[in-house]
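> The chain contents come next:
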Amino acid sequence: MTTQDRMIDLASADDATAHDGGDEPAPVLTVQDLRVTFSRGGRTIRAVNGLNYQLRAGRTLAIIGESGSGKSVSVRALLGLLPPSAFVSGSARLGQTELVGLNEKAMRAIRGDEIAMVFQDPARSLNPTMNVGQQITEAIGMHQRLDKKAATDRAVELMKLVRLPAAERRFEEYPHQLSGGMRQRVMIAIALASDPKVLIADEATTALDVTTQAQIMELLADLQDRLGTSVIMISHDLGLAACYADEVLVMYGGKAVEQAPAATLFSHVRMPYTKALLGSIPQLTTPSHGLLSVIGGQPPDLASLPQGCAFRPRCPNASDQCLTEPALTEHEPGHRYACWHPVGAAGAGGSADGDRARVEEVS
Amino acid sequence: MAVTDASAATALAATETEPAETERGIRWARIRRRLLLWVPGGFVLLLFATCFLGPVVLPLPSPVGGDVLSSALPPGSPGHPLGTDINGNDVLSRLLHGGRASLIVGVSVNLIGLLVGGSIGAISAYLGGRPDTLIMRILDVFIAFPSLVLTIAIAQVLGPSLPNTILALTAFSIPAVARVSRSATFRVVNMPFVQAAELSGSPTWRILLRHIAPNIVPQMMNFAMLGMGMIIVTEGALSFLGLGIPPPAPSWGNMIFDGQQSLSAAPLMVLWPSLALLVTVLSFNLLGENARDEMSGR
Amino acid sequence: MTVIDEAARTAREEPSSTAPLLSVRNLVQEYVTRGPGGVKAGVVHAVSDVSFDLMPGETLGVVGETGSGKSTLARAIIQVERPVSGEVVFQGQDLVTLDRRKLKATRARMQMVYQDPFGSLNPRWRIEDVVAEPLVGHTDLTKDERGARVDELLDLVGLDPRQYRRRRPMELSGGQAQRVAIARAIAPEPALIICDEAVSSLDVLIQAQVLNLFEKLRADLGLSYVFIAHDLATVKQVSDRVAVMHLGQLAEVGPAAEIYQAPKHPYTRALLGSVPVLDPATGAARRPVPLTGEPPSPLNPPSGCRFRTRCPIAQDVCAEVEPRPTPIGDGGRRVACHFPLGE
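Chains as they are written, first to last, in this note's numbering: chain L, 15 to 377; chain A, 3 to 300; chain D, 478 to 820.
You may find that some hints are simply not true.
Unchecked claim - With a Cα cut of at most 20 Å, we get these calculated EDC-like pairs of lysine to aspartate or glutamate:
#	chain 1	residue 1	chain 2	residue 2
1	L	Lys174	D	Glu771
2	D	Lys581	A	Glu200
3	L	Lys174	L	Glu186
4	D	Lys581	D	Glu666
5	D	Lys620	D	Glu666
6	D	Lys693	D	Glu674
7	D	Lys579	D	Glu564
8	L	Lys162	L	Glu152
9	D	Lys579	A	Glu200
The hints are simulated quantities; they were obtained by calculation from the structure and are not laboratory data.
The shape of chain L in the complex, shown without the other chains (with noise of 0.2 Å):
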């Protein structure tokens, strides 16, 4: 029985016991009013303003923002990989850990080993000066009591579970030797190692060309479905979040403003703010010269959140009530968002389109 045989039927293995009865898997992750802060010369950086979310086994939740929004701090968080100066509370269960306030022990034998992270940019995040080969058994030792050999033996395995070509000659190669996606595969080839619960990808495609992206990103979705890894990718692409995520949750502000399964969300979009996103995306079929809508503004900044909605000096749709923040409520099945003037709920229009050029307020 070859290793891969093995891992095939170790994810088989957990599926069988991850459900909880019902036909929705078990969830794996669970996050709970998760907040982090900074103090920064005398400001206070409110960058997470309470996320909720549940990871199932075997799913993608697919987490959308622009700059600023909190999403990469949100996932730094439960990894522990915030500076000092980050203050985290809240809640993030991994199975049976808790992972805020983790000791820093605890978290070296949870990290990489239950869940495990892909960066954005290949080039920085591997160690220019030692093999692929050596950074990937360096990973397997790490949570693993494997000889020389046997180490070896299971990164060529990972290797090949990447899809790298020749990776018995690739082994010895050094990171500048290959291309971005070769590079980009060894790192999820590092990330599996430990074969983790949990697989975070850091805006892990933004970096790549579109045709290695569409390899990268066909390889995790396959990877997932042998391995039954549970994924959260972190992106600033819809439709990348569209074509591959289970269930997509939008951030603005450092708070989750609209969070649905991917189908319902994109076909049914309620927040004016990922309407606005869907809006000024160009697309491959619309006429050339046209102009796409735009809302003035700029994100907000985080020291200085205004009041109430964070999105309410850019929207369309805010009223004084915005004042008063809205909460993020399951207001249809399956489907929440905060917002007290969503678009196109109770008949108020349908789905998303943007075909209304606004007045543009620089930004």
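Here the structure of chain L is known, so what remains is to put chains A and D in place on it, guided by the hints.
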């Protein structure tokens, strides 16, 4: 990848450079940084004031032409707060005048080095290609010489005097500054805004002056401050070897030279100028390190 | 989507002659890579024999991935790096043959906007000086006249002059900084602006604003653009015609709508197929179909057609004979393929 303002990201980046964890810690770190800038800075100012204004303002006896009868007086003697040396000259006066000489040398060499060396390096990097290679090979010849040997050789040929000392020291300052200026310029010259300036029709001299120069000045100032200490010490070495400021004019270097001859009898003769040298070099170094950060707005 | 008034646009485009504004012929750019010790280790064929025309008032989109040579192409056109061979005829003059002094005179009419909005602005200068710089270099305006023009320009790009004149780049957001860069680019009243990934570093919402600004300026000032990007949809949004580049070679060029709806080159089809599609109206999503194989190295490109190692329909002839861009149909469409799709 988006470049727009990301408060969280900047917070992340910023807090990673400061060890402060609490509000108070952050305030204290800022105070400490200010102190590190103003204390050595203040001292340097004090130094200049003392050495240049002191002899004018204070009623000190002349540093030369002392009376042999009042030689080797101990510190605290009336009219001679630090005593006199074996020739009867007032030590304090010699210290201050010597400081003046050393500082003049330091500042002059630095200025010449910055202007000439800085320009050579920046122009060389901007032109690139063959002209750059040519200039660098010429400079390499100078850099290849052990700096002290080169300086001594030149001083030997020119003869000991204040202007000659300055000249000799620039031989080793200019290539060093040129190197730093060249690498600093390379970093700037590849930035799109330089290319945009060319597209805007700005002539080369204006690009060098208004685009390149302002962006390499912080680094150059830092280098200059650090170099100040080195130059004064080298001047001291030259004088120590008899090649620098000719006696009886004092400089810290030749005071140490004279002092070492009577080390067992009057150890303080070496101590005063050495101490002065130490404190000066330390202040310039500290100032240089912290001034650069302040100038770059970090 | 609001489409710019067709009549106004075509009116401006109706030039007295139909001579191209920019005519690039057989452009070649190569870089020598050196190993340790400066020994020549190889040659990167960054741009290999690229030709195209750009008519006045037109936007040509250039799309390609890493190593396609699109940015090198931009630099070779604007002559910040002299190409190894080829012609770049701009407003009737071949820029490649001009010496530095004569070249400088043409600079006013061809400008560039860069990818990094902050890298393209001197961090120590004030905005008013940044925008005035081309006026100093290319015009004889007095200081006051320049000041008035700077105000005008800032207004055109949507920045309030009173608020932004005295600021420095580090006080601006990415979108604002890019607007300043655009103001500077239009200051000398150029005929052509080359946008090198000009919106790629911006957040999606800001990107949309800046794209709209490009369109507005195009309509108001009659500009032509060469718009370089790796994002297919962005390029489509702004371009009349699109050129697809692969590893230094021109794969396909033609009207934007045709290329996107009916690509003729297998690489173009593969590119289009690799994009995750989301229809904002219905929420329907389509997963990309990935291309197999790794992109070839620019140091050692495959013989003949450089796409053949990943092409699903490659034959022996593709390795032996390099396909040249040949006209196909009418409408100025050219494809460099021995077996164009749909033929």
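> State for each hint whether it applies.
Hint-by-hint comparison with the structure:
Among the hinted pairs, lysine 174 of chain L with glutamate 771 of chain D is consistent with the structure: their alpha-carbon atoms are about 15 Å apart, no more than 20 Å. Between lysine 581 of chain D and glutamate 200 of chain A the CA atoms are separated by roughly 8 Å; this keeps the pair inside 20 Å, and the hint holds. Between lysine 174 of chain L and glutamate 186 of chain L the CA atoms are separated by roughly 14 Å; this keeps the pair inside 20 Å, and the hint holds. Straight-line distance between C-alpha atoms of lysine 581 of chain D and glutamate 666 of chain D comes to about 15 Å, which keeps the hinted pair within the 20 Å bound.
Proposed proximity of lysine 620 of chain D and glutamate 666 of chain D is supported: the alpha carbons are some 18 Å apart, at most 20 Å. Among the hinted pairs, lysine 693 of chain D with glutamate 674 of chain D is consistent with the structure: their alpha-carbon atoms are about 18 Å apart, no more than 20 Å. Using a Cα cut-off of 20 Å, the hinted pair lysine 579 of chain D and glutamate 564 of chain D holds, with the two alpha carbons roughly 16 Å apart. Proximity of lysine 162 of chain L to glutamate 152 of chain L is assessed by CA-CA distance (about 10 Å); at most 20 Å being required, the pair is judged to hold.
Proposed proximity of lysine 579 of chain D and glutamate 200 of chain A is supported: the alpha carbons are some 13 Å apart, at most 20 Å.
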